[in-house]
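So the protein sequences, as listed, match chains H and A. Okay, so the first sequence: first residue is 4 according to the working numbering, each after it adds one. Okay, so the second sequence: first residue is 819 according to the working numbering, each after it adds one.
Calculated from the structure, these hints are not laboratory results. Hints may contain errors.
EDC-like cross-link-like pairs, simulated, lysine to aspartate or glutamate; straight-line CA separation at most 20 Å [claimed, not checked]:
1. H:Lys95 with H:Glu28
2. A:Lys895 with A:Glu992
3. H:Lys123 with H:Glu68
4. A:Lys895 with H:Glu46
5. H:Lys95 with H:Asp78
6. H:Lys76 with A:Asp934
7. H:Lys132 with H:Glu68
8. H:Lys124 with H:Glu64
9. H:Lys131 with H:Asp27
10. A:Lys895 with H:Asp38
11. H:Lys76 with A:Glu992
12. H:Lys131 with H:Glu113
13. A:Lys895 with H:Glu35
14. H:Lys123 with H:Asp78
15. A:Lys895 with H:Glu105
16. A:Lys895 with A:Asp909
17. A:Lys895 with H:Glu34
18. H:Lys124 with H:Glu68
19. H:Lys132 with H:Asp39
20. H:Lys95 with H:Asp22
21. A:Lys895 with H:Glu28
22. H:Lys124 with H:Glu134
23. H:Lys76 with A:Asp936
24. H:Lys95 with A:Glu939
25. A:Lys895 with H:Glu47
26. A:Lys895 with H:Asp39
27. H:Lys124 with H:Asp27
28. H:Lys124 with H:Glu105
29. H:Lys95 with H:Asp27
30. H:Lys76 with A:Asp909
31. H:Lys76 with A:Glu939
32. H:Lys124 with H:Asp39
For clarity, every value in this text was computed on a predicted model and none was experimentally measured.
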Amino acid sequence: MERNQLHRLVALSRQPLFDQGFLDEQFLQLEELQDDANPNFVEEVVTLYYRDSARLILNIEQALERNPLDFNKLDILMHQFKGSSSSIGAKKVKAECTFFRENCRAGNGEGCIRTFQQLKKEYATLRKKLEAYFQLRLHAAPSEKSVAEEEMAGIHLKMFLVSEAL
Amino acid sequence: MKLIFPPRDFQLGQAMEPPIASSNSSGHGGNSSSGRGPMHFGGPSQNPSNGYFSVVNRNRPTALLLDGDRIYRMVQKGILQHYGVDTQNVDNGTAAINVLMGNSFNLIVIDINLPDMDGPEITRQMRAMGVGSKIVGTTSCWCERDRQAFLNAGADEFFEKPLSSETLLIILTELDGGYEA
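Start from the sequences, fold in the hints, and give me the full structure.
Below, the structure is given as structure tokens:
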């Protein structure tokens, strides 16, 4: 498959992430920051996000196990998590953070637990989708590939697009 | 929504009117810490065709970013630098005060929650020190109470994070009075 086609397919593979509400325009801002000096900026930021936020999620889980719940502490933890998530354009994750904070402010412990479960699902789903996207970008990156390897990269891209469409 | 990014070699500029009779100027760079008036960078130069003076930023604007979240600092610094703003990051209020002892910035962006104190408190301390920079308070979840707390402490504006390109353009334009993209 020609390189231009590969690049077009990579761009197409990204579109469902926006159409389905997983990402917002902040992700586009991150991509604008990529250049020859920082060709993998977005992937680096996203990787760091999942690394740092794992600790925050653990802290929130531990805070949710306390009795009685410290809603102020939970609110502060979620404030930070929302800030991180919005920085990478994680739209659905950010929305769940907002619901969580509303439950904190209402003193609704069950609501907090419920929204946190949903938040973790969205967080994990986004991670899988972004990992797949970055893998595709890697396949499409210029390198010394054989014709067969380029064809395989194209097949992977098409399979990704089909799976996203289903 | 169209994102607007300036070319990397943009210059902030400000047209001043009417023509100034005297040609002397203080020509000081960077921000004035004596008050929160318009910022001037470099000296004025007169346009011979219309007599108006314009002040062109010959120094890159500077910003101090205070936020406890590493991801946000990394991203926002990248965006500000993309706009040509030399940006320094700190992750707590005490570190920010120490940095301000020997440096001045055109713009200071402060999160509502810092590890050692809240954003309004650090804003109050900065103003008490005589810091005249434009101060923008931020939060990941907008609420009127936080906005009032920041403004009462001496901040100039308050926004929800992340700062959109439109918001940044407004902030940077207000820094120099005439942003040229």
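Quick rundown of the hints versus the structure:
1. H:Lys95 with H:Glu28: With a Cα-Cα distance of about 13 Å, the restraint between Lys95 of chain H and Glu28 of chain H holds, given a limit of 20 Å.
2. A:Lys895 with A:Glu992: Since the Cα atoms of Lys895 of chain A and Glu992 of chain A sit roughly 19 Å apart, the hinted pair holds (cutoff 20 Å).
3. H:Lys123 with H:Glu68: holds, 16 Å
4. A:Lys895 with H:Glu46: The hint holds at about 17 Å.
5. H:Lys95 with H:Asp78: holds, 18 Å
6. H:Lys76 with A:Asp934: Roughly 14 Å separates the two Cα atoms, so the pair holds.
7. H:Lys132 with H:Glu68: Judged against 20 Å, a Cα distance of about 30 Å means the pair is violated.
8. H:Lys124 with H:Glu64: holds, 14 Å
9. H:Lys131 with H:Asp27: holds, 17 Å
10. A:Lys895 with H:Asp38: Holds, because 15 Å separates the two Cα atoms, which is no more than 20 Å.
11. H:Lys76 with A:Glu992: violated, 36 Å
12. H:Lys131 with H:Glu113: violated, 28 Å
13. A:Lys895 with H:Glu35: Roughly 13 Å separates the two Cα atoms, so the pair holds.
14. H:Lys123 with H:Asp78: holds, 16 Å
15. A:Lys895 with H:Glu105: violated, 29 Å
16. A:Lys895 with A:Asp909: Roughly 13 Å separates the two Cα atoms, so the pair holds.
17. A:Lys895 with H:Glu34: The given pair, whose Cα atoms are some 14 Å apart, holds under the 20 Å limit.
18. H:Lys124 with H:Glu68: Given pair Lys124 of chain H, Glu68 of chain H holds - Cα atoms ~19 Å apart, limit 20 Å.
19. H:Lys132 with H:Asp39: Between Lys132 of chain H and Asp39 of chain H the Cα gap is close to 25 Å, so the pair fails against 20 Å, i.e. violated.
20. H:Lys95 with H:Asp22: Holds, at roughly 12 Å.
21. A:Lys895 with H:Glu28: holds, 17 Å
22. H:Lys124 with H:Glu134: Holds - the C-alpha atoms of Glu134 of chain H and Lys124 of chain H are around 15 Å apart, at most 20 Å.
23. H:Lys76 with A:Asp936: It holds: about 14 Å lies between the C-alpha atoms, which stays within 20 Å.
24. H:Lys95 with A:Glu939: It is violated: about 32 Å lies between the C-alpha atoms, which goes past 20 Å.
25. A:Lys895 with H:Glu47: holds, 15 Å
26. A:Lys895 with H:Asp39: holds, 18 Å
27. H:Lys124 with H:Asp27: It holds: about 18 Å lies between the C-alpha atoms, which stays within 20 Å.
28. H:Lys124 with H:Glu105: holds, 19 Å
29. H:Lys95 with H:Asp27: holds, 9 Å
30. H:Lys76 with A:Asp909: Measuring from Cα to Cα gives roughly 19 Å; hence the hint holds.
31. H:Lys76 with A:Glu939: Judged against 20 Å, a Cα distance of about 19 Å means the pair holds.
32. H:Lys124 with H:Asp39: Cα-Cα ~34 Å, so violated.
This entry does not satisfy hints 7, 11, 12, 15, 19, 24 and 32, going by the numbered hints stated previously.
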